[in-house]
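S.K.: Based on the provided sequences and hints, a complete structural model is requested.
One letter stands for each residue in the lines below.
Number of protein chains: 2
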Amino acid sequence: MKTPTRLLIGLGLATMALLLPAPGIRAGQESASGAIPWPRVEPTEIPHDRPLRAGFLIVDGVYNSELMAPYDILQHTIFHVEPGIEVFTVSPDGESVTTFEGLTVGAHYSFQDVPPIDILVVPSTVGSMDADLRNDSLMHWVEETGQQASYVMSLCDGAFVLAGAGLLDELAVTTFPGDQDRFAAQFPHLDLRREISFVHDGKVLTSQGGARSYDVALYLVDHLYGTRVATGVAGGLVIPWPPTAATMPATVITH
Amino acid sequence: MKTPTRLLIGLGLATMALLLPAPGIRAGQESASGAIPWPRVEPTEIPHDRPLRAGFLIVDGVYNSELMAPYDILQHTIFHVEPGIEVFTVSPDGESVTTFEGLTVGAHYSFQDVPPIDILVVPSTVGSMDADLRNDSLMHWVEETGQQASYVMSLCDGAFVLAGAGLLDELAVTTFPGDQDRFAAQFPHLDLRREISFVHDGKVLTSQGGARSYDVALYLVDHLYGTRVATGVAGGLVIPWPPTAATMPATVITH
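Line order of the protein sequences matches chains A and B. In short: position in the first sequence from 1, add 1, done, that's my numbering. In short: position in the second sequence from 1, add 1, done, that's my numbering.
Honestly, the hints are just simulated from the structure, not real lab data. Beta carbons: idealized from backbone N, C-alpha and C, even for Gly. Treat the hints with care, as some may be off.
Some chain A residues near chain B, calculated using beta-carbon distances under 10 Å [said to hold, decoys possible]: (1) 69; (2) 97; (3) 157.
A few chain A residues that face chain B, going by a derived Cβ cut-off under 10 Å, partial list only [said to hold, decoys possible]: (4) 77; (5) 108; (6) 177; (7) 212; (8) 213.
Rough simulated footprint, nothing fancy, chain B against chain A, three-plus residues with beta-carbon under 8 Å [claimed, not checked]: (9) 185 to 193; (10) 200 to 211; (11) 232 to 239.
M.R.: What follows is the structure, given as structure tokens:
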């Protein structure tokens with residue numbers, strides 16, 4: 002990771018860029034036409050006078066990587082653009098959870114006291130394909146929160162939860178490679194894409210997960226704040242940015 | 002991540018492989034000459050009748066990715082080889098820590114009650130380059146534990162802590178790209194390597210960190226258990242394995 006000193010240097014430059022926008026360029030947006038290898042989709046209208054709020058759903062059995070990779074990407078935006086993204090975890094009762102790998106991770110909020118969420122992130126859990134889908138209060142919260150959010154992201158089998166909540170209808174999506182056959186059987190009406198790191202369609206981003214969970218989150222940062230900010234965040238995590246379509250195959254749908 | 006069902010299938014196959022070793026092949030070792038693109042180093046003599054113990058040092062300000070990426074790789078071995086690696090976190094006083102990104106993560110052990118460690122892992126923290134180096138009890142623990150461990154791994158600026166503890170003398174090493182100049186100035190007697198994901202020299206593995214923290218941990222799994230096991234772990238995290246020298250440049254020193 003970049004050290005705070007270097008992060009603050011990055012923030013200083015970002016702040017300068019915001020103070021001196023090129024004519025016709027929105028604060029935080031890239032001035033070049035964009036070096037990402039996918040169609041550039043215009044961001045949803047989002048507030049620029051406060052941090053966006055990214056809420057990560059955690060329950061017992063959540064997988065570390067699928068939680069931490071996008072968490073780090075979105076959290077590090079605050080060192081490269083102002084205001085960046087405020088990230089937090091939400092568990093149903095606000096209590097800590099035990100991850101699949103055996104770590105205890107705290108929750109910042111419960112379903113009862115969580116503030117409005119702009120970016121809902123649903124990492125995979127050990128129960129994403131079955132137990133979580135039968136948890137009515139969990140699924141109700143995901144459905145309601147996802148409907149109100151500006152963006153919804155799943156990592157790995159988190160796509161099963163979004164599908165179960167009806168948030169993927171009419172959209173192209175992806176999930177963990179080893180579970181794609183099961184996904185296709187369980188949700189035959191959905192447009193499953195394979196052999197790609199992630200899909201962005203409408204307000205929904207779905208990722209294969211695992212170590213590829215960084216990709217989709219960096220893409221979202223590029224989408225929201227432009228390639229300069231995404232490149233800064235990526236550099237702090239030793240990820241080349243922008244990627245090529247070969248190193249990071251993805252499907253981006255423009256409507 | 003692979004689902005438990007798939008992980009258990011993997012474990013089943015791994016167990017079968019262990020029950021039916023090819024003549025002259027050690028349990029858990031690859032039968033082929035090895036597809037990794039680096040020189041294959043013979044593992045240190047390690048016990049095969051119990052799980053290896055990997056202890057991850059955590060203090061306030063530890064970076065999520067540098068903790069979680071190698072944690073997941075080493076933890077997932079238990080689904081692909083028997084016995085795999087038992088992973089746990091160690092904080093100085095056994096209390097939870099707050100990561101750089103603001104998550105609360107629990108510690109399994111304190112310096113006082115931690116069992117002997119076979120693989121010491123030192124992720125970067127916000128203080129790796131300064132405050133941690135001035136923490137005498139921390140540095141003493143790292144030095145003593147590192148000397149007794151069979152393997153020692155650092156991610157990102159964790160290399161500064163290992164260097165400060167005298168564990169990198171005479172060895173080739175690497176660290177976070179943006180801090181390599183500072184590392185070279187602070188430890189001019191050490192053999193710093195640049196432009197590579199990780200270095201393995203003697204019993205020490207040092208990594209650039211960030212998203213590349215998966216690489217070095219997968220390399221260690223391949224080194225300890227062979228390419229079949231590493232490929233299984235990698236698949237669960239959507240990482241192609243074995244890599245090529247182009248996609249994962251590294252320095253492996255044979256003595």
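S.K.: Quick check: do three or more residues in the segment 200 to 211 of chain A have a beta carbon closer than 8 Å to a beta carbon of chain B?
M.R.: holds (count 3)
S.K.: Report holds or violated for the interface hint on residue 69 of chain A, using the least CB-CB distance to chain B and a cut-off of 10 Å.
M.R.: holds, 4 Å
S.K.: Report holds or violated for the interface hint on residue 213 of chain A, using the least CB-CB distance to chain B and a cut-off of 10 Å.
M.R.: holds, 5 Å
S.K.: Close enough to count: is the Cβ of residue 157 of chain A nearer than 10 Å to one in chain B?
M.R.: With a closest approach of 6 Å, the residue 157 of chain A hint holds.
S.K.: Do three or more residues of the segment 232 to 239 of chain A come closer than 8 Å to chain B, measuring C-beta to C-beta?
M.R.: With 4 residues in contact (Cβ-Cβ under 8 Å with chain B), the coverage given for the segment 232 to 239 of chain A holds.
S.K.: A closest beta-carbon separation below 10 Å is what the hint needs, so does residue 212 of chain A meet it against chain B?
M.R.: holds, 5 Å
S.K.: Does the closest beta carbon of chain B sit nearer than 10 Å to the beta carbon of residue 177 of chain A?
M.R.: OK, holds: residue 177 of chain A within 10 Å of chain B, min 7 Å.
S.K.: Let me know if the C-beta of residue 77 of chain A comes in closer than 10 Å to any C-beta of chain B, holds or violated.
M.R.: holds, 8 Å
S.K.: Verify the interface restraint on residue 108 of chain A: the C-beta must sit less than 10 Å from at least one C-beta of chain B.
M.R.: Since the shortest Cβ distance to chain B is 9 Å, the answer is holds.
S.K.: Is the listed coverage of the segment 185 to 193 of chain A by chain B valid when you require three or more residues with a beta carbon under 8 Å from a beta carbon of that chain?
M.R.: Coverage by chain B is violated for the segment 185 to 193 of chain A (0 residues, Cβ < 8 Å).
S.K.: Using the nearest Cβ pair, does residue 97 of chain A come within less than 10 Å of chain B?
M.R.: holds, 7 Å
Violation of the numbered hints given earlier is confined to hint 9; every other hint is satisfied by the structure.
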